[in-house]
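Protein chains in written order, with the numbering used here: chain E, 1 to 247; chain V, 1 to 417.
Treat the hints as calculated values from the structure; they're not laboratory data.
Relax, there's no trap hidden among the hints.
Derived DEER-like restraints, expressed as beta-carbon distance ranges: (1) E:L186 <-> V:L167: 54 to 64 Å; (2) V:H96 <-> E:R194: 50 to 60 Å; (3) V:P212 <-> E:R22: 23 to 33 Å; (4) V:K155 <-> E:R25: 16 to 26 Å; (5) E:D142 <-> V:L301: 52 to 62 Å; (6) E:I71 <-> V:L301: 37 to 47 Å.
Here are a few chain V residues that face chain E, going by a calculated C-beta distance under 10 Å: (7) Y197; (8) C198; (9) L199; (10) G200; (11) R252; (12) L255; (13) L296; (14) C302; (15) L303; (16) V306; (17) G307; (18) C310; (19) G329; (20) A341; (21) L346.
Incomplete in silico selection of chain E near chain V, CB under 8 Å: (22) R23; (23) W28; (24) L30; (25) F34; (26) G37; (27) A49.
Predicted model only: the values in this text are computed from it and were never measured.
A virtual CB, placed ideally from N, CA and C, is assigned to each residue, including glycine.
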Amino acid sequence: MAGTIVQTMPGAVAMRRSVEERRIRRAWHLLIVFAVGAVVLFGRLAWLAHHVSGQQEALRAKHRVSQELWIPGRRGRIVAADGRVLAWSERRFRLLWRVPDTLSEALAERTECAQIQELAPLLPAAAALPTCLGREVVLEHDLTLSDDILHSVSAWAPATVSLHAYFVRQTLPGAPESALLGEVELDDEHGLERGVSGLEKRYDQVLRGRLVCLRMIADGRQAMVMDEKSEGERGNGDDIHLGEVSP
Amino acid sequence: MATIFILARLAHEKVTAEARAIRRDLGNATGRLHVYFRLVALLLALGSAGCLLIQSATRGMASQSCFSRLQMVWLLFGLTFLGACFLFPRSFYKRHLGIILSLVYGLLWGVLLFGTKIQGARSWYRFHGFCMQPSELAKPAFLIAFAWFWKWAEKWPFQARFAAGALFAGLWMLPIILQPDWGTTMIYALTTLVLLYCLGMNWRQVLAVLVPALAGISWALARHPYVRRRFMAFFGTGGDLSAVCWQAMQMRDCLIKGGWTGGLFAEPSSFVYVPYRYNDSIFAAAAELLGVAGVLPLILLCLGWVGYCCYLAGRHASRWTYPVYLGAGVMLSGQAFVHLAVNLGLMPTTGINLPLISYGGSSLLTTLLIIGLVERCAWEDKQEEASSMAIAVVSTPAPREKAPLVAGTPLALENGE
Chain E
1 MAGTIVQTMP
11 GAVAMRRSVE
21 ERRIRRAWHL
31 LIVFAVGAVV
41 LFGRLAWLAH
51 HVSGQQEALR
61 AKHRVSQELW
71 IPGRRGRIVA
81 ADGRVLAWSE
91 RRFRLLWRVP
101 DTLSEALAER
111 TECAQIQELA
121 PLLPAAAALP
131 TCLGREVVLE
141 HDLTLSDDIL
151 HSVSAWAPAT
161 VSLHAYFVRQ
171 TLPGAPESAL
181 LGEVELDDEH
191 GLERGVSGLE
201 KRYDQVLRGR
211 LVCLRMIADG
221 RQAMVMDEKS
231 EGERGNGDDI
241 HLGEVSP
Chain V
1 MATIFILARL
11 AHEKVTAEAR
21 AIRRDLGNAT
31 GRLHVYFRLV
41 ALLLALGSAG
51 CLLIQSATRG
61 MASQSCFSRL
71 QMVWLLFGLT
81 FLGACFLFPR
91 SFYKRHLGII
101 LSLVYGLLWG
111 VLLFGTKIQG
121 ARSWYRFHGF
131 CMQPSELAKP
141 AFLIAFAWFW
151 KWAEKWPFQA
161 RFAAGALFAG
171 LWMLPIILQP
181 DWGTTMIYAL
191 TTLVLLYCLG
201 MNWRQVLAVL
211 VPALAGISWA
221 LARHPYVRRR
231 FMAFFGTGGD
241 LSAVCWQAMQ
251 MRDCLIKGGW
261 TGGLFAEPSS
271 FVYVPYRYND
281 SIFAAAAELL
291 GVAGVLPLIL
301 LCLGWVGYCC
311 YLAGRHASRW
321 TYPVYLGAGV
331 MLSGQAFVHL
341 AVNLGLMPTT
351 GINLPLISYG
361 GSSLLTTLLI
371 IGLVERCAWE
381 DKQEEASSMA
391 IAVVSTPAPR
401 EKAPLVAGTP
411 LALENGE
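One chain only, chain E, in its complex shape:
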């Protein structure tokens, strides 16, 4: 059958052959392009390895900072069958000042901190400083992310003024299910909330948050990235719905 077609249409075979040859030729074009690409890549690699002066890179490497932070995840919510949120966690902040060891340094730092408008009224009086030397003083409790002082402190305050995050478990006031909810306590080592009674204890495995590791890195140009690691997005605990679980 094929022979018959070829005998009657010799031009068709020639055309088919030219198509085949063109396809083979183009496959070789592709290989040549990749070969040129490989030469370019190798050239760049060799140039970097051989010709670039390491002076600038060495300077930047000298100023590098790397730090790993383990941050506790938020505990899950307890939601009633009708959608009311019965218990939830809020992240709060405690403002701390590590007072220098000597009085002159402490006074100088106090003057510096007093220039931050929101921080000034919270600082201990100058007369009280001798009793605080070398200690960590709590300036304020229960700050939330909406408080302006958090932004001022993180932007302007000296390194000795720091923020300590913790969780507070809130419950819906007057809810009939309140008696069932139970209590939580803070794990001192990791800062995670742990259920100790009632539903909080019963569904602790579901509700409890996990530790999230964040890696902060910076170099001499102050560039900084946060490198999320394995547990990145799974830090927060899961919610439970009382319609789905038996109270």
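Using the hints, position chain V against chain E.
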């Protein structure tokens, strides 16, 4: 009740026929088993080298060995998939193309609704800690579907065939663009362009495909500021772009520090600052550890793979397998070259894995599936070539008899494909 019975009967017959075909195929499997075991040994060696590299590159991380251990599990899992690829003849993919396409394309769209957003892209399905990236796993299906489509449309006019091929690839890429996963989209676009060129597209048609591609890039730059910032950082046309350049700067430091011979046993200093050094930046980390001498085989390996695919396409290919070989070559080697170019600072930063070496289950499985598909097709092509030569020898006519003009040539075989 009767309908259920008929459907069950039909399903039973189909499964029985399939099992019979596989059994028949297995009967002639000795040669293929040799190929398979050689391939498994080679891939196991390469994959294990990748695991060692991941283990070394993650030094200083809290979960160091977790990455390499998981990668090893994926490697073993992937080699099993490779075996499955060898088990099924390529006619299996043709017969079940509808099911494969519906499943894969459904997964690509489904991730937009049910997927998890990571690093700004909704590209992942996540079930209880297990992650899957459908745009990666769709790569072998794309190759099969494109090859089938090209063969199916062979009676169409030339222009219509190219336009339809480009449209097919565009529709395939649409859900990936919407995720948005620019790195993977780029690999698909590159593969499509090369395939259309190798299948006979002329320069005017190349330009006709490039114009919408450039329009798409412009749209992405206008719509996504982070993509624009990366381009500006790369071309040095922005203001303070230190945050955007971070990864590129750190990768450059690694390459410089590695020098010609690297510092495998030295205290790591540069690569610990490189983000994603176990996948997107693994080449830079490898260059610091092994130096130019150590990473040169990686470049040669990438070139070798595309060379092998071009050889198969030129030597043994039928009309169906030609795009499969070339697509597989471009998809894996092109991805590797883009990874290398990003790590060497020759392209704007984008998250692209180095096939077989970088950490990532979906990427590793896909790579092994593509290699398995190519090897299976190559084996079948060689078998067909050998049998056609045998036919040619058997049908060689007596001197004074009239010979069939083209019986036994590859052109005649293709008609009966």
